[in-house]
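Protein chains: 2
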Amino acid sequence: MNAPATTVDNDIAHLARQAREAAHQLLAAPPAARSKALRGIAGALRRNEAALVAANAKDLERAAENGLDQPLIDRLRIDARAVARMVEGVLQVDTLPDPVGQVSDLRFLPSGIQVGRMRVPLGVIGIIYESRPNVTVDAAVLCLKSGNACILRGGSEAIESNRAIADCIAEGIRGSGVPEAAVQLIGTTDRAAVGALLRQDKYVDVIIPRGGKGLIERITRESTIPVIKHLDGICHVYIDASAEADMAVEIAFNSKTSKYAVCNALETLLIHASRAPELLPVLAARFGEAGVALRGCERSRAVVPSMAAATEEDWATEYLAPVLAVRVVDDLDGAIAHINRYGSQHTDAIVTSDYLASRRFLAEVDSASVMVNASTQFADGFEYGLGAEIGISTNKLHARGPVGLEGLTTQKFVVYGQGEIRQR
Amino acid sequence: MNAPATTVDNDIAHLARQAREAAHQLLAAPPAARSKALRGIAGALRRNEAALVAANAKDLERAAENGLDQPLIDRLRIDARAVARMVEGVLQVDTLPDPVGQVSDLRFLPSGIQVGRMRVPLGVIGIIYESRPNVTVDAAVLCLKSGNACILRGGSEAIESNRAIADCIAEGIRGSGVPEAAVQLIGTTDRAAVGALLRQDKYVDVIIPRGGKGLIERITRESTIPVIKHLDGICHVYIDASAEADMAVEIAFNSKTSKYAVCNALETLLIHASRAPELLPVLAARFGEAGVALRGCERSRAVVPSMAAATEEDWATEYLAPVLAVRVVDDLDGAIAHINRYGSQHTDAIVTSDYLASRRFLAEVDSASVMVNASTQFADGFEYGLGAEIGISTNKLHARGPVGLEGLTTQKFVVYGQGEIRQR
Numbered sequence: 001m002n003a004p005a006t007t008v009d010n011d012i013a014h015l016a017r018q019a020r021e022a023a024h025q026l027l028a029a030p031p032a033a034r035s036k037a038l039r040g041i042a043g044a045l046r047r048n049e050a051a052l053v054a055a056n057a058k059d060l061e062r063a064a065e066n067g068l069d070q071p072l073i074d075r076l077r078i079d080a081r082a083v084a085r086m087v088e089g090v091l092q093v094d095t096l097p098d099p100v101g102q103v104s105d106l107r108f109l110p111s112g113i114q115v116g117r118m119r120v121p122l123g124v125i126g127i128i129y130e131s132r133p134n135v136t137v138d139a140a141v142l143c144l145k146s147g148n149a150c151i152l153r154g155g156s157e158a159i160e161s162n163r164a165i166a167d168c169i170a171e172g173i174r175g176s177g178v179p180e181a182a183v184q185l186i187g188t189t190d191r192a193a194v195g196a197l198l199r200q201d202k203y204v205d206v207i208i209p210r211g212g213k214g215l216i217e218r219i220t221r222e223s224t225i226p227v228i229k230h231l232d233g234i235c236h237v238y239i240d241a242s243a244e245a246d247m248a249v250e251i252a253f254n255s256k257t258s259k260y261a262v263c264n265a266l267e268t269l270l271i272h273a274s275r276a277p278e279l280l281p282v283l284a285a286r287f288g289e290a291g292v293a294l295r296g297c298e299r300s301r302a303v304v305p306s307m308a309a310a311t312e313e314d315w316a317t318e319y320l321a322p323v324l325a326v327r328v329v330d331d332l333d334g335a336i337a338h339i340n341r342y343g344s345q346h347t348d349a350i351v352t353s354d355y356l357a358s359r360r361f362l363a364e365v366d367s368a369s370v371m372v373n374a375s376t377q378f379a380d381g382f383e384y385g386l387g388a389e390i391g392i393s394t395n396k397l398h399a400r401g402p403v404g405l406e407g408l409t410t411q412k413f414v415v416y417g418q419g420e421i422r423q424r
Numbered sequence: 001m002n003a004p005a006t007t008v009d010n011d012i013a014h015l016a017r018q019a020r021e022a023a024h025q026l027l028a029a030p031p032a033a034r035s036k037a038l039r040g041i042a043g044a045l046r047r048n049e050a051a052l053v054a055a056n057a058k059d060l061e062r063a064a065e066n067g068l069d070q071p072l073i074d075r076l077r078i079d080a081r082a083v084a085r086m087v088e089g090v091l092q093v094d095t096l097p098d099p100v101g102q103v104s105d106l107r108f109l110p111s112g113i114q115v116g117r118m119r120v121p122l123g124v125i126g127i128i129y130e131s132r133p134n135v136t137v138d139a140a141v142l143c144l145k146s147g148n149a150c151i152l153r154g155g156s157e158a159i160e161s162n163r164a165i166a167d168c169i170a171e172g173i174r175g176s177g178v179p180e181a182a183v184q185l186i187g188t189t190d191r192a193a194v195g196a197l198l199r200q201d202k203y204v205d206v207i208i209p210r211g212g213k214g215l216i217e218r219i220t221r222e223s224t225i226p227v228i229k230h231l232d233g234i235c236h237v238y239i240d241a242s243a244e245a246d247m248a249v250e251i252a253f254n255s256k257t258s259k260y261a262v263c264n265a266l267e268t269l270l271i272h273a274s275r276a277p278e279l280l281p282v283l284a285a286r287f288g289e290a291g292v293a294l295r296g297c298e299r300s301r302a303v304v305p306s307m308a309a310a311t312e313e314d315w316a317t318e319y320l321a322p323v324l325a326v327r328v329v330d331d332l333d334g335a336i337a338h339i340n341r342y343g344s345q346h347t348d349a350i351v352t353s354d355y356l357a358s359r360r361f362l363a364e365v366d367s368a369s370v371m372v373n374a375s376t377q378f379a380d381g382f383e384y385g386l387g388a389e390i391g392i393s394t395n396k397l398h399a400r401g402p403v404g405l406e407g408l409t410t411q412k413f414v415v416y417g418q419g420e421i422r423q424r
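Sequence order for the protein chains is A and B. Just so you know, we're using this note's numbering here: the first sequence kicks off at 1 and counts up by one. Just so you know, we're using this note's numbering here: the second sequence kicks off at 1 and counts up by one.
For the record, the hints were derived by calculation from the structure and aren't laboratory data. Quantities reported herein were computed from a predicted structural model and do not represent experimental measurements. The C-beta atom is built at its ideal place from N, Cα and C for all residues, glycine as well. One or more hints might be untrue.
To be verified - Label pairs and their in silico Cβ distance ranges: (1) B:T6 - A:Q418: 54 to 60 Å; (2) A:E313 - B:A50: 40 to 46 Å; (3) A:G212 - B:T224: 29 to 35 Å; (4) B:L356 - A:L356: 35 to 41 Å; (5) B:P30 - A:E289: 41 to 47 Å; (6) A:A54 - B:R424: 28 to 34 Å; (7) A:D330 - B:A84: 46 to 52 Å; (8) B:A84 - A:D105: 47 to 53 Å; (9) A:D330 - B:P110: 34 to 40 Å; (10) B:P30 - A:A261: 26 to 32 Å; (11) B:Y355 - A:A261: 38 to 44 Å; (12) A:V262 - B:L356: 28 to 34 Å; (13) A:E88 - B:P110: 14 to 20 Å; (14) A:R62 - B:Q102: 49 to 55 Å.
As the list claims (entries may be wrong) - With a cut-off of at most 25 Å between alpha-carbon atoms, the simulated SDA-like pairs for lysine to any residue come out as follows: (15) A:K202 - B:R107; (16) A:K36 - B:L215; (17) A:K229 - A:T317.
Said to hold, decoys possible - Some chain A residues near chain B, calculated using beta-carbon distances under 8 Å: (18) L106; (19) L109; (20) V206; (21) A368.
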């Protein structure tokens with residue numbers, strides 16, 4: 001911790017100080033200036049399409065040389081269509097309601113002071129992400145819209161693309177009234193830069209990592225700055241005794257298969273013992289057609305013997321693949337206990353026609369999203385009407401679930417007085 | 001970190017697991033059960049007054065033997081009046097609005113699902129505090145009221161008192177429908193227990209330390225669990241060009257002198273250059289009478305030469321004593337820049353008659369409480385109408401400023417569907 005500061009340390013500290021200074025200036029920037037900056041960025045991206053594609057070509061070439069997988073190369077690619085999508089994304093964020101400065105709960109108190117809460121930017125946000133270069137634009141504009149300065153650290157495989165995008169952002173901000181230093185890209189691929197950023201607790205208010213579990217665990221371990229993080233998504237659907245049969249099958253199927261490699265995908269299906277004989281064969285057939293491998297508890301396998309046997313480990317596994325664990329439970333209590341024990345507090349759903357069961361499930365399942373009669377794959381910022389999301393948080397403090405603009409802000413108390421003093 | 005687990009580690013882990021289990025049970029406990037538990041605790045404290053005073057006598061005796069300061073001994077003392085105050089405190093918390101289960105922002109979305117946010121307990125809260133034994137009761141009932149389980153670790157000098165209070169709490173909870181394990185006192189004075197508690201991130205959701213800066217810094221450094229912390233309170237009053245003279249003097253005086261050793265006390269007074277010649281002599285006289293020593297910048301001392309000279313260090317010092325730093329600034333920008341640079345983002349006030357200055361100060365000062373024309377000493381849960389406070393947070397994430405019941409809760413998304421599935 002007290003090792004002598006390296007050049008990278010000094011560079012990152014300098015950049016973080018500049019971001020902090022920009023964050024203070026942003027507090028004075030009117031909404032019109034932030035909007036002008038966003039529209040400027042959209043314009044600059046559009047104007048510089050050729051330069052973006054050319055820079056990206058260098059990344060693609062290096063990726064091919066390094067033998068990157070085709071899916072990773074596809075995620076890296078910027079073509080005319082990708083630039084158009086980035087521009088559209090920026091303009092959409094510009095149209096979202098401005099969260100900054102909203103005052104709520106303003107009321108007079110017996111002393112005569114009037115107290116409320118004002119929504120304000122967090123300050124400086126560090127975002128550490130992997131390959132997709134479009135995150136550079138998305139993260140920058142979400143931070144600007146919510147009045148924050150940001151420090152962006154993308155993957156080294158996208159460095160040329162990210163630098164070109166950062167140039168467009170700087171060009172777009174210029175003259176808007178927002179300080180250019182409000183968006184800082186870490187332009188080096190030196191891995192030590194991440195460690196250095198995670199120690200800038202004096203200047204950086206929060207770190208948001210986007211990427212694989214390894215990255216997120218490393219960041220959480222090393223950071224002296226609070227981290228808004230997304231770990232596992234071990235999501236459940238519980239088919240209650242009173243569930244409508246067709247709805248139960250459709251929700252279970254959609255929750256698993258709408259996409260496999262997403263954090264809100266179903267990983268363990270729970271079913272009330274009374275419904276297992278009727279529904280498990282139907283579900284097994286449906287999942288079988290889709291190529292989903294089932295791993296069942298003993299009671300499930302008594303109904304559908306073709307299922308593989310689930311082990312204790314399966315209940316705690318996020319497959320992100322066409323594999324599904326299946327368990328028969330005795331009742332609602334058993335389902336809730338299973339979810340609170342093995343789940344990752346991400347997203348869990350009940351299928352039921354029973355009013356009291358729906359209320360108990362909503363109250364007693366301790367997860368970021370709790371659903372009645374809907375697919376777990378709705379757990380998403382756009383589907384929740386947040387307009388855009390910077391990620392999904394599995395934290396309990398601050399932002400929980402999909403994180404939109406509001407998650408990039410905090411509240412402060414504002415007090416309006418007329419000369420009141422405290423009497424003791 | 002991977003040292004072999006000690007007995008203390010095992011004991012604390014066991015206790016934390018029990019608290020987690022209780023937290024899950026609390027999610028199912030209706031408001032009436034939690035209210036019954038609170039009234040039960042009030043009754044048990046009242047019935048056991050003699051036992052409490054007797055247990056406390058042992059702590060007082062040991063404190064005297066150990067040569068504790070009289071103010072510390074006074075803070076430790078439980079007499080009939082102190083018990084009555086505890087009982088009153090418990091009953092007041094019982095009458096506060098229940099934060100658990102409030103649903104907000106419920107609305108239908110284009111997919112047909114209805115999405116809202118439900119306020120829910122954080123889960124398990126660890127509270128680490130120093131001498132005052134009344135914190136044991138206050139913390140326990142605030143946690144119970146907000147549906148949380150808690151693990152309490154008081155100071156070793158109050159161990160007998162805390163054990164007696166914990167017995168009353170257990171007696172009061174019994175039969176209410178709230179699990180007894182919802183309130184756990186760490187009954188050992190072994191210092192290793194704190195370290196062990198700070199590593200229970202699997203079972204404990206948040207740590208709230210209450211005590212001196214040394215304690216809080218140690219906890220922040222060691223904890224693998226998020227900490228709601230209160231560090232410095234370097235609070236400012238800025239007397240603007242347009243300030244009403246009498247109001248400026250009264251607010252500055254009250255902000256400093258209402259109490260000295262509180263975190264919301266004024267530490268640095270800023271004054272617009274145009275008002276210094278008129279107001280600094282009045283302020284110096286007023287503070288002089290109260291025995292407050294002033295330390296001024298050069299421009300302040302040009303007006304009031306009797307002031308000591310302030311150094312750079314004074315701007316960053318929380319005196320908690322009858323000492324006040326004074327600085328002349330050129331304008332509102334200078335005041336805001338000083339506060340954002342040297343302050344601790346706790347509580348800052350402007351005295352002004354200028355509408356635009358008031359708006360700029362509220363928006364641009366980046367502190368948990370920002371005030372216009374009121375004493376900084378109003379920054380307090382009771383004065384803000386929160387009903388009771390468990391502490392004041394200088395965090396930016398989650399709870400900021402005075403932390404009441406709401407700060408002990410979080411929100412989760414709730415989704416009401418009728419069988420909707422996600423279309424891609």
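Exercise. Does L215 (chain B) lie within 25 Å of K36 (chain A) when you go C-alpha to C-alpha?
Worked result: The hint is violated at about 47 Å.
For this session: Take the C-beta atom of A84 (chain B) and the C-beta atom of D105 (chain A), compute their distance, and say whether it sits inside 47 to 53 Å.
Result: This hint is violated: roughly 32 Å between Cβ atoms.
For this session: Starting from the hint 14 to 20 Å, judge whether the C-beta atoms of E88 (chain A) and P110 (chain B) obey it.
Result: holds, 18 Å
Exercise. Taking 54 to 60 Å as the hint, is the beta-carbon distance of T6 (chain B) and Q418 (chain A) inside that range?
Worked result: holds, 58 Å
Exercise. So the hint says 28 to 34 Å: do the beta-carbon atoms of V262 (chain A) and L356 (chain B) match that?
Worked result: violated, 49 Å
Problem set entry | Satisfaction of the hinted span 41 to 47 Å by the C-beta atoms belonging to P30 (chain B) and E289 (chain A) | holds, 45 Å
For this session: For D330 (chain A) and P110 (chain B), compare the CB-CB distance with the range 34 to 40 Å and indicate the outcome.
Result: Check passed, 38 Å falls within 34 to 40 Å.
Exercise. At the C-beta level, are L356 (chain B) and L356 (chain A) separated by a distance inside 35 to 41 Å?
Worked result: Given a distance of about 56 Å, which is not inside 35 to 41 Å, the answer is violated.
For this session: Note whether the CB distance of R62 (chain A) and Q102 (chain B) lies within 49 to 55 Å or breaks it.
Result: Cβ of R62 (chain A) to Cβ of Q102 (chain B): about 53 Å, so the range 49 to 55 Å holds.
Exercise. So does D330 (chain A) sit 46 to 52 Å from A84 (chain B), Cβ to Cβ?
Worked result: holds, 49 Å
Problem set entry | Hint consistency between K229 (chain A) and T317 (chain A) [alpha-carbon to alpha-carbon, up to 25 Å] | Between K229 (chain A) and T317 (chain A) the Cα gap is close to 18 Å, so the pair holds against 25 Å.
Problem set entry | Consistency of beta-carbon spacing, A261 (chain A) to Y355 (chain B), with hint 38 to 44 Å | violated, 54 Å
Violated hints, listed in ascending order, are 2, 3, 4, 8, 10, 11, 12, 15, 16 and 18; each of the other numbered hints is respected by the structure.
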